[in-house]
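Go ahead and model the full structure; you've got the sequences and the hints to work with.
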Amino acid sequence: MLNNDIRQSLLLFKPTMAELDNNQSGDTRRDFLKKSSLFTALSLTPLTVLKAAEGKVDERFAELFEKIPLNLKVNNKPYVLKVEPRATLLDLLREQLHLTGTKKGCDHGQCGACTVHVDGKRVNSCLSLAVMNEGKSITTIEGLAKGDELHPMQAAFIKHDGFQCGYCTPGQIMSAVACVREGHANSKEEIREYMSGNICRCGAYPNIVDAIQEVKEKGTAI
Amino acid sequence: MINFQYLRASVVKIALSLVSKDPKATFIAGGTNLIDLMKRGVTAPEKLIDINKLPLAQIELKNNVLHIGAMVSNSALAEDSIVKEQFPLLALALQSGASAQLRNVATVGGNMMQRTRCGYFYDTTMPCNKRQPGTGCGAIGGYNRMHAIFGTSESCIAVHPSDMCVGLVALDAQVVIANAKGERKISFADFHRLPGSTPEKDNNLQKGELIVRLEIPTNNLYKNFHYLKVRDRSSYAFALVSVAAALEISQGIIKNARLAMGGVAHKPWRLVEAENFLKGKTANASNFEDAARIAMYGAKGFGENDFKLKLAPNSIIEALTVAKAKA
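Protein chains in written order, with our numbering: chain A, 1 to 222; chain B, 1001 to 1327.
Don't take each hint at face value.
With the C-beta cut set under 10 Å, the calculated list includes, among others, these residues of chain B facing chain A [stated by the list, open to error]:
1) 1006
2) 1035
3) 1059
4) 1101
Simulated restraints on C-beta separations [claimed, not checked]:
5) A/82 - B/1053: 16 to 24 Å
6) A/119 - B/1185: 27 to 35 Å
7) B/1325 - A/219: 28 to 36 Å
Everything labelled a hint here was simulated from the structure, so no lab data went into it.
We treat Cβ as the ideally placed atom computed from N, Cα and C, and that holds for glycine.
Shown next, in the form of structure tokens:
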């Protein structure tokens, strides 16, 4: 049963060389990456597990594949979902909800690229199991702007050139908004200390600090 | 990450029975260390019991004892007004650890239960008696710049990475543990253990037990205190050496002293002999230097971490000097 499903999905997702060359399928780069990573995930699943699940030899293996219901809000939109227990909040946001603004950097809580707000508090979404967020309200970088009007922190990052490559920026901005709301943006030193969980390999730190300080000093509610 | 079963418990008794019945089951609170370890394959529990719904997130002052629920987050504890006023050493230690994002999720109980950050423990291709008993210690004779100088054994020279725990051991905290029979209470200093021949055990919590709260008696150590953390960058790094220092000074004389170090041992390292030396003495540089000398008895370097034999006493003197100057 399961093996058939897998075979089908492999056929379905395996791009031919022609497709890769001409991109006749109309795939975006992201689609291709997703399909090839699915390919990898399936090929890494141990054969014994697949066999056991197929033949229901061991109920425990089958249970492992069971998805758990999950209700949460993301950017004020309610979702009713089913997720594997091991899926992180980060992977749920990016892979299942296609909110790819939240970035995967180190995937180990060391870089802050995956920072989102959970019930108003900044957290590393890579170190949170999705199922642990039952009933919670998540805000991602996509939820900050009001339509076409940028959030003041987004505008300040642009004004002060608070990035170069931009990969850490969604996490920096989510962390920066929280830093001001927490009341930890009273000086450059305090901002640096309370933003230390967000790494910028381009070294845009002075400009990031300037952006945060300006938003704090303007005093507008954010 | 290898998949697992996931269950939620909202009552302590049920959480305890779920874990004690199943040898491969474990609790998950904030998960900031456990999920990291599971992603790297260092540990692979078959069942996770989510305890985030347990009613253990209160901070209360009752009869001159501060009660801290095990599920209180590190940031909530650091920002609590009673903690900031009466136990500022603890607030400072908490703020020195991890990042704002991690402190929002990491719990008090989870902070105590976090594993060492020894590179050999984390690298599953390397020998490590803590991860896989009997395979040897890679750090002895290997890369050991971050490692212990006190209380080591032939099996393990790893350090406990917490800052919060260094503050708590200095403040004479008690740990309240729930089990099937009820509750038991042990002193914080006896919670974590030295590696000996069983480094796989970080602490004295038994299978089927759960930390439910901490209790800290009020004290007069909230004026002259300091938490000094020396690390490779100015924030968001584990300690090379850290010192929690608190003094009660009356007319220049030390009435009470508390000293503990982090980054130097398998457990938060309380410096009782140095404390006893300081009591009744004048709070001055020469006594601080003598206390630091006493604190270093029995210290031993392993090559790359020999610098800690100088850094540690200097840090003690600095922490005491800053604490004294706060008055």
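Worksheet item: Holds or violated: is there a CB of chain A closer than 10 Å to the CB of residue 1035 of chain B?
Response: This interface hint holds because 5 Å falls under the 10 Å limit.
Discussion item. Please check whether residue 1006 of chain B passes as an interface residue: C-beta within 10 Å of a C-beta belonging to chain A.
Written reply: Because about 4 Å separates residue 1006 of chain B from the closest Cβ in chain A, which is inside the 10 Å limit, the hint holds.
Discussion item. Checking hints one by one. Is residue 1101 of chain B an interface residue toward chain A, by the C-beta closer than 10 Å rule?
Written reply: Since the shortest Cβ distance to chain A is 5 Å, the answer is holds.
Item to complete: Confirm or reject the claim that residue 1325 of chain B and residue 219 of chain A have a C-beta distance inside 28 to 36 Å.
Response: Given about 34 Å between the Cβ atoms, the range holds.
Worksheet item: Would the hint on residue 1059 of chain B stand, with a C-beta cut-off of 10 Å toward chain A?
Response: Because about 17 Å separates residue 1059 of chain B from the closest Cβ in chain A, which is outside the 10 Å limit, the hint is violated.
Worksheet item: Are residue 82 of chain A and residue 1053 of chain B spaced within 16 to 24 Å by their CB atoms?
Response: holds (20 Å)
Practice prompt. Using the Cβ atoms, figure out if residue 119 of chain A sits within 27 to 35 Å of residue 1185 of chain B.
Written response: Holds, since residue 119 of chain A and residue 1185 of chain B (Cβ atoms, about 33 Å apart) stay within the stated range.
The structure shown violates just one earlier hint, number 3.
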